[in-house]
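So the protein lines, in turn, are chains L and C. First residue of the first sequence? That's 1 in the working numbering, and the numbers climb one at a time after it. First residue of the second sequence? That's 1 in the working numbering, and the numbers climb one at a time after it.
Check before you lean on any hint, since a few could be wrong.
Identical chains share a label here; the pair holds if one copy fits it or two copies do between them.
Distance condition first, Cα-Cα at most 16 Å in a straight line; then the derived EDC-like pairs of lysine to aspartate or glutamate [claimed, not checked]: (1) Lys88 - Glu5; (2) Lys55 - Asp11; (3) Lys139 - Glu98; (4) Lys120 - Asp41; (5) Lys126 - Asp41; (6) Lys126 - Asp115; (7) Lys88 - Glu130; (8) Lys58 - Asp48.
Derived by calculation from the structure, the hints in this document are not laboratory data.
There are 2 protein chains.
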Amino acid sequence: MQDSERLSGQDQLIERFGTYFESIGFQPIAGRIIGLLSVSDREELSFDEIINRLKISKGSASVVLRKLVAECRVAVVENGRRHYYKLKQQNLFELLDEFERMCDSARHLLNATIDLKTDKESSNAKYFNEIINTIDRYKTITATMRQAVQTI
Amino acid sequence: MQDSERLSGQDQLIERFGTYFESIGFQPIAGRIIGLLSVSDREELSFDEIINRLKISKGSASVVLRKLVAECRVAVVENGRRHYYKLKQQNLFELLDEFERMCDSARHLLNATIDLKTDKESSNAKYFNEIINTIDRYKTITATMRQAVQTI
DNA sequence: TTTTTAGTTCAATCGCGATTAAACTAAATA
DNA sequence: TATTTAGTTTAATCGCGATTGAACTAAAAA
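Could you put together the complete structure from these sequences and hints?
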């Protein structure tokens with residue numbers, strides 16, 4: 001594969017990472033930075049390399065990188081005056097935890113909604129109960145999966 | 001429970017539904033409408049009831065409701081000149097499908113990223129492979145779950 | 001000590017989706 | 001037929017997060 005080909009391929013992937021992370025609530029620039037750090041062959045990039053490759057201002061890079069570091073998405077290595085950044089690998093179990101917390105809060109909201117219904121047998125009340133049951137079934141299964149993985 | 005108590009309880013839940021749906025990409029008003037239709041005791045509400053309870057303009061209600069109907073989140077019943085709206089209950093398997101499509105596209109992006117790496121043994125390449133394996137394990141499990149539920 | 005460099009800070013602005021207001025349409029009603 | 005009513009359309013505006021630019025700080029280099 002030629003260098004130019006690789007570069008343009010990387011640009012496309014950076015864009016895809018970017019739109020994905022945008023869709024889950026990150027700033028556009030944050031998504032591109034995660035993309036660049038994911039895609040790039042050298043996995044530790046300086047502040048300058050980042051702003052030059054992505055063509056963004058020092059200001060936004062500074063703000064967004066600080067946020068990404070605070071959120072443990074990116075790790076920073078200081079080397080003299082220079083800062084180097086690399087992707088911080090997430091603990092996959094923590095990702096699962098996060099998803100389960102989301103399910104829990106949905107479950108909680110649906111329960112509160114049913115509690116407030118005059119008619120607990122109404123169509124929506126039944127539907128919400130069905131969703132709650134599905135969430136509970138799902139949690140049983142992931143608990144099993146978690147155990148299985150942990151005992152390997 | 002008193003009526004006033006129930007009403008303010010509903011308002012709070014509407015707000016919680018609203019912020020939840022906002023967080024997954026819906027317009028604020030769309031989230032509140034879904035909340036109102038989820039929480040309200042009468043589960044079929046007229047255009048007027050919606051704009052009065054949520055204190056929103058006819059214009060935004062019209063636009064947002066059309067969108068929600070197009071997305072199959074809300075069903076509309078026309079009765080003479082009046083339109084009545086109710087929550088459209090989703091097929092829970094379709095929700096699962098949607099989640100799996102999301103996993104598939106993530107898997108695809110990670111694969112493309114590894115393909116483009118010069119060093120397939122780099123730290124990030126290994127990390128991405130680990131995520132792919134986790135996704136695959138997850139899919140095996142949900143397939144089993146799906147079969148189990150379908151044969152009930 | 002002076003100069004250069006790396007990154008930070010923050011006020012200003014940009015961009016854009018969400019929302020409204022008011023004119024408008026079409027159907028029901030009188 | 002004239003009027004009322006229910007909802008639609010769309011131009012204008014609002015609000016706000018994202019981004020920039022330029023001044024600024026602090027540390028390294030000269």
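The hints, checked one at a time:
no.: 1; hint: Lys88 - Glu5; in the structure: neither (27 Å within a copy, 47 Å between copies)
no.: 2; hint: Lys55 - Asp11; in the structure: within (12 Å within a copy, 46 Å between copies)
no.: 3; hint: Lys139 - Glu98; in the structure: within (13 Å within a copy, 18 Å between copies)
no.: 4; hint: Lys120 - Asp41; in the structure: between (57 Å within a copy, 10 Å between copies)
no.: 5; hint: Lys126 - Asp41; in the structure: between (52 Å within a copy, 13 Å between copies)
no.: 6; hint: Lys126 - Asp115; in the structure: within (12 Å within a copy, 47 Å between copies)
no.: 7; hint: Lys88 - Glu130; in the structure: between (38 Å within a copy, 14 Å between copies)
no.: 8; hint: Lys58 - Asp48; in the structure: within (8 Å within a copy, 50 Å between copies)
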